[in-house]
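Asks: Those protein sequence lines, which keep their order, are chains A and B.
Just so we're aligned, residue 203 is where the first sequence starts under the working numbering, counting upward by one.
Just so we're aligned, residue 203 is where the second sequence starts under the working numbering, counting upward by one.
Calculated from the structure, these hints are not laboratory results.
Just so we're clear, the structure is a prediction, and the values are computed from it rather than from any experiment.
One or more hints might be untrue.
Which copy is meant is left open, so a pair is good if it fits within one copy or across any two.
To be verified - With a straight-line cut-off of 27 Å between C-alpha atoms, the simulated DSS-like cross-links for lysine-lysine are:
1) K422 / K295
2) K481 / K462
3) K236 / K223
So you can see what is in the structure, the chains are spelled out below.
Number of protein chains: 2
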Amino acid sequence: MRRKNRPALIAFAMRTLSSIKTLQKILQPLHGRKRIGFVPTMGAFHEGHLALMRQARRECDYVVVSLFVNPLQFGPKEDFAAYPRPITSDRKKAQETGVDLLWTPAAEEMYPSPYRTFIEIEEITRRWEGAVRPGHFRGVATVVAKLFQIVRPDRAYFGQKDYQQTRVIHQMVKDLHFPISIRILSTLREKDGLAMSSRNQRLSPAERAAAPILFRALQKAEALVRKGARESPPLLQEVEALIRSEPLARLDYAALCDPKFLEPLERIQKGAVLLLAVKIGSVRLIDNVLIDI
Amino acid sequence: MRRKNRPALIAFAMRTLSSIKTLQKILQPLHGRKRIGFVPTMGAFHEGHLALMRQARRECDYVVVSLFVNPLQFGPKEDFAAYPRPITSDRKKAQETGVDLLWTPAAEEMYPSPYRTFIEIEEITRRWEGAVRPGHFRGVATVVAKLFQIVRPDRAYFGQKDYQQTRVIHQMVKDLHFPISIRILSTLREKDGLAMSSRNQRLSPAERAAAPILFRALQKAEALVRKGARESPPLLQEVEALIRSEPLARLDYAALCDPKFLEPLERIQKGAVLLLAVKIGSVRLIDNVLIDI
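The following block holds chain A by itself, in its conformation from the complex:
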């Protein structure tokens, strides 16, 4: 039943549904018999999402993609209402990518009143995105736990672009004994290096031209490490100076951290992750690079 040699663009019948019960009924006979791949998304599919779906398609017998703009992970001042929701083109892209089932749960079914249960991941959520966006990872962990419980996939696919999120998911899966293999795929980039993100479409043309500054800063840090730099402070100063050189950019944070628990490093020893959050105009972008030494 593995569709290993399926040509990429042949149209076939993708199911689209929103009911949790119907989804579970469809998946029930597959558990333990077929390998279920799962790609949780908030829609507005770009090549990064499609790469996750393609990888799931290659590795699994049945591919489920969820499309749910999760209100719980947006702060009160964040862009939940403005988050793009191009459902028709999303459906077309998922279908063309060979997805078996596109699941679009309704918020009222995901969080029926009274909803009371939340997953908290400590420590690893305290800094960086967790500090800037209080409650964000609680919302992410809670919805992912729920999606995992409902879909019960064998493998789940996430992009490295949301690096801290991947570490949060890893920790949760381990701590809560989810029998799911978590697959993290490299960040996909535009030709000028800008990491693909659903938020990129909200950049004005001038902002879009300024946005690759994040990637250039990551590249600069990598080059410095290649040349032997090991101390964080001077490295981060160079990164910050480069970001400052772009008038439309405002640095939120740049941090060199241990890649597992995201604690800041004074000195790179075995390897590190460089995390970057930058506001370009009103759009907040994040990016990262894993630095091997």
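Given the coordinates of chain A, assemble chain B onto it according to the supplied hints.
Replies: Frame of chain A, contents of chain B only:
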């Protein structure tokens, strides 16, 4: 394979093990084929525990009992170290009750360092035991979620004595989509009405003689409601007066609440739960009664 007619006291080979992996390996072939019943406990088995096991035995093909004194649900000033751990007699009792597998996980395997993930149930944990024991229900919900994830039972059995706990579990199971039927069994009592509890063995003879005051207070409230009492304040005054009449007893709380969300009621309309927490000497006891009208 249902052992409906198994005589209650025939000895058979009960497995005892602590490894999570070994447990999962044993249960793996049963999922979806046999009905797995699960009784999570902290050991020190009394008739209340055994009643849960017997009910699981009657209703299920395979009965798993976990014995784990969960450090996470004890406060820093509580009785974790002093909690009774009579493992030899527990094993004998479980075996005689027809349990298939007694699982005794180790704390280091349940919470390997670094452990970071916690389940929070809001609102329903705010009052009563939640207020007196901060973090208690977070510990309960977290360990039960973990046990459920590992065992993946079809049915799980809890005693009504820990009433608020049963509501917390219900909420979590619903919110996190656990495909588990939760069975709540009536509180078992000693002849004088004292609710069975592992903590009872820590009562001195004088305290033990005073302890049935909880049950007498619940009975008094029931009698008053039968006679037409509907307003909470006078009802609770009678309960409190009765508790005060016992010199060794110190009331922690007495509350008439709606039975689902445990919000206090000014007036009993459809039914209520009367929750009681009383210190007898240094031992804190809880009890409750569901009042139907």
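Asks: Give the relationship of K481 and K462 under a CA distance limit of 27 Å: within one copy only, between copies only, both, or neither.
Replies: Intra 25 Å, inter 46 Å, cutoff 27 Å: intra-copy only.
Asks: Between copies, within a copy, both or neither: which fits K422 and K295 at Cα up to 27 Å?
Replies: neither (35 Å within a copy, 67 Å between copies)
Asks: If the cut is 27 Å between Cα atoms, do K236 and K223 qualify within a copy, between copies, both or neither?
Replies: Result: close both inside a copy and across copies, 19 Å intra and 22 Å inter.
When held up to the earlier numbered hints, the structure conflicts with hint 1 and nothing else.
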